[in-house]
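Chemist: Listed here are the chains, written in short residue letters.
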Amino acid sequence: MSTTKGSNYKLIGHDYQTPDIVAKVLGQSKYAEDFRADGMLFAKLALSPMPHARIRRLDASRALAMPGVVAILTADEVPNAKPGPEDPTPIGRPELALTNEPLYAGEPIFAIAAVDEWTAAEAIEKVEVNFEPLPFVIDPLDSLRPNGRNARADGNVFYQNTKIKTIKWTAKDFDEVGKGRLPWGGEVGEEASFGDIDAAFKAADYIMDETLFQQSTSHAPLEPRSAMAYWQNGKLYLYGSTQSLAQSVAAVARWVGIPESQVNFVGEYCGGGFGGKITGSQIMAVPALLSKKTNRPVMMRISREEESFIGRVRPGFQARAKLGFRKDGRMTAMDLLIIEDAGPYTQQGDAQIASMIASLLYQPQAVRLRALSVATNTAPRTSQRCPGGLQAVAMFEPLMDKAAAQLGIDRVQIRKINAPVDNSPWGFPEKKGQPQDTATSAKVREVLDRGAELFKWDERKKRSGQRSGTKVRGVSVAVGAFFSGSNGFDGLLVIKPDGKLYVHQGIGNLGTHSVSDTARVAAEALGMPWEQVEVVWGSTAKSVPWSSTQDGSQTTHAHSRANHAAALDAKAKLQEIAAKKLGGQPEHYDVGNGRVYPRGNPSGGMAVGKAAEYAIQLGGKYDGHEAPKQVNAMTKASTAALAGQGLVGVAKDEFPHKGTTFSFVAGFADVEVDIETGKYVVLDYLAVGDVGTVMHPRALGGQLHGGAIQGLGHVRSQSLIYDPQYGQAVARRFHHTKPPTILDIPLDMQWDAVNLPDPQTPVGAKGVGEVAVSAGAAAIFCALADAVGHDYLRRTPIHPGMILTSLETKSMTHHPLKAYI
Amino acid sequence: MPEQESQRLLARRQFIKSIIAGGAVAASASYLFRETSWAAPAAGSVERLVTLNVNGQMRRVDVLKQESLAMTLRYKLGLTGTKLGCDRAECGACTVLIDDVPRYSCSVLTHTVRQSKVTTIEGLAEPNGKLHPVQQAVVDEQGFQCAFCMSGFIMATVGYLKTNPKPTRTELAHGISGNLCRCCDYNKILRSMLRATKSMEQV
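First to last, the sequence lines map onto chains A and B. Final position of the first sequence in our numbering is 822; the numbers increase by one with none missing. Final position of the second sequence in our numbering is 672; the numbers increase by one with none missing.
Hints in this document: simulated from the structure, not taken from any laboratory.
To spell it out: a stretch of chain A is covered by chain B in this simulated footprint if at least three of its residues, at any positions, have a beta carbon under 8 Å from a beta carbon of chain B; those stretches are: (1) 28-37; (2) 218-224; (3) 265-273.
Within a straight-line C-alpha distance of at most 30 Å, the following computed DSSO-like cross-link-like pairs (lysine-lysine) qualify: (4) B:K545 / A:K294; (5) B:K586 / B:K667; (6) A:K236 / B:K545; (7) A:K622 / A:K501; (8) B:K631 / B:K667; (9) A:K637 / A:K31; (10) A:K462 / A:K680; (11) A:K31 / B:K586; (12) A:K622 / A:K611; (13) A:K472 / A:K680; (14) A:K169 / A:K180; (15) A:K127 / B:K534; (16) A:K611 / A:K581; (17) A:K83 / A:K630; (18) A:K31 / B:K599; (19) A:K462 / A:K403; (20) B:K545 / A:K31; (21) A:K543 / A:K31; (22) A:K611 / A:K501; (23) A:K472 / A:K403; (24) A:K180 / A:K680; (25) B:K631 / A:K31; (26) B:K599 / A:K501; (27) A:K31 / B:K534; (28) B:K545 / A:K127; (29) B:K586 / B:K635.
The structure displayed is predicted, hence computed values, not measured ones. Just so you know, even glycine gets a beta-carbon here, dropped at the ideal spot from N, CA and C.
Excised from the complex, chain A in its bound form (with noise of 0.2 Å):
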């Protein structure tokens, strides 16, 4: 494995042992289904066994009944709320916790809270549920035929992120459809464009048009979304799997109908999200309001099943692209038409930021988007780790190798002439004519040559289609890109008499270690050694800042940023306090070791927990008695309840940001493909990132091998599956979705990074998430590309029949468009 050196950092870029670890090993962290509370009741949820239906009735005296049954709710107990910044828009009517229209098959109607989870199961039976069946559609193709029917009452298609309207395609488009592509004339929900799409295609030496297609997949963590609940003085005490804490409060409280100030969120753990869990609150509404009616707490266990249709799912695809490319290599233009499936509730807008991605990834002069959000009868979509991004790269990166092929051009090279570099526009303008928004740092050629050398490319390329037995091998190369980073949030912490560094961490602690990493960055800025620094997190009785949600890949570059910004305000404090205790200006002093020294001397000075007892003394805004106006009202509160207890730094982050940060990853694939069997395997893969400052190597490889493997999983085998008869969820377990295993791997991974800061941010650094996903799923499509051909394979996920065919019959023999095969 690779290690990346550079900096005089002490911490950030070196390796160490996470603060959470040894809890884990010792079976000790508690995810939300570990607490218990005396006298605690389960509820079970009782799921809508049709895929659009109305309760007309809905008797329950039967299941209340019976011994140890305790209460029902229904969806007439649950809040009318409006969903908040942190969640999905609403389109019409939002989606919650309980509905009596539901709007796919699963949906939960109803929950019993019992004395033990048999009971409450039991319980479920016995209620009678009238039902009046509604119309449904699962393939989102079905529902634009001229005579096809909506997944809801007021439309089929969204559009703008809040409305909906309904389209139909005439039976003139069907006739493309019917010939396996997507009608270039068809009816959209909405176009986005930038450049002069005709001049770009004039200016193309080759055109390509293509039709492609990406399946939905759930995001299946492997802790389900469980919840327990308790209400103490008409305060609710929620321990939830949430991927961000503090922002899980607003929702919560919008959930379950109370003010924010009465709700105590406790996430310690999160057993895995990949942005199905951003908030993940909808559900916990259900313990929380059953609790609170039944006066006692309540565990909500959700099983595996259940996950598997309130669990969220990433947005299919079904596409068509025109690309046009200069003889030189050069993409000039991009045409796409999009469908995207949206399920029921949601525009998630993973077209749009598909084709965004592409925009900045291959800098054509011009691109248009023409994008249909479809409404389905199916599970809830919304942003799976690279949303959109994925699709974009899964689908285009093949396509870029095509071209390479037509036009007689190295595949890295290919990739290295259209990269985007630092600066470089991306996007479409907020209106015509104005121009585009630019990314922050983009190391493209550079990723790609460190790749190069790393993975021997000129040599290996040589291995392509090389036959052995019964074998053929395939390598590749392919970028990925996603954005990496927002800015604008808090930073809290506290230096106490006791001479340790508490920070008070508002993000959630779901594995990428980013909760204790940018922890390290106000350390760095404070000069403490580590051993004395401890992270706050997991609660927000505790005391924390207001964070970003944790999505987007954003964690790391917002939280180094407002964690570096309330260390610098601590910093400033010490100096001033020194001066003041000392003699001499602030200036005079600098900190380091533990210690506020005269600059020079770092053994003199004092020691930064007397500095704190000072601060006490002083009061005002150096022990968190009085706040920055700028900080967010979470963020004052949190303050005044740490004030007093040593020297508070407090920050908003409000560090110069021009652009949009985005990361990079070039994976590097080398596969093998059965041509007897259609089974194929990965020999070996290389990661190499643009992530800016690395923060902690172990875990950005962590992040780059875990997410390519992902990404393997959407490329071959990771798949929903719908019966459209009935309008059944088929893949409910991991057996279904089938994701990779231990035995998919490699058997050795690399990794690297370059390692170049992010000029934008202070210390450079920028997030990894979810562009390892790209890179991952695209290089190992394109492997199976070059193995297989670059004319076969233009869907996910690529079973092994589908090469078998595809090699029998030379043609593309599977179906181009079909969703939910």
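Once you have looked at the hints, place chain B on chain A.
Modeler: For chain B alone, coordinates are given in the frame of chain A:
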């Protein structure tokens, strides 16, 4: 057939028989067990109050006949280190050792392990707090991400290494392939576990 194995089979057969006949569960139950729960149960039932050997301690527990070991460990004995990821023997998060053999505790009836030695993640470290070499290796390598699968992987590895203490990477991968990690941090997991085999060799 080794004696231990034959005893286990016998016990299982008797357990099934006892459900059918509603009779007393016979033979080799522990002294504690005999003393406290010999009262004739109702027809069609099995003893509810049983004694389990968990992490070297004899634990008295009231168990339903359909109760899985995972539920007993987690909800009756307070051993929440054993996780439930799928409830149906697909993911391995609930792996514990039963007489040193890794088993999915979600799919083992508690009644079937009354005469067995059950080891969970909480029972691996020494009483003085010293970590088991497999635990220590995970700490040293910073293995795993969200770690919801970690207990199961550690128990599966500890069990597998009892049968093959010096596995190759491929052998080890096969040995613990009944466990899923959705973070897909498999590379770091294997590194950790192989590190453990090296440190165990030195002991």
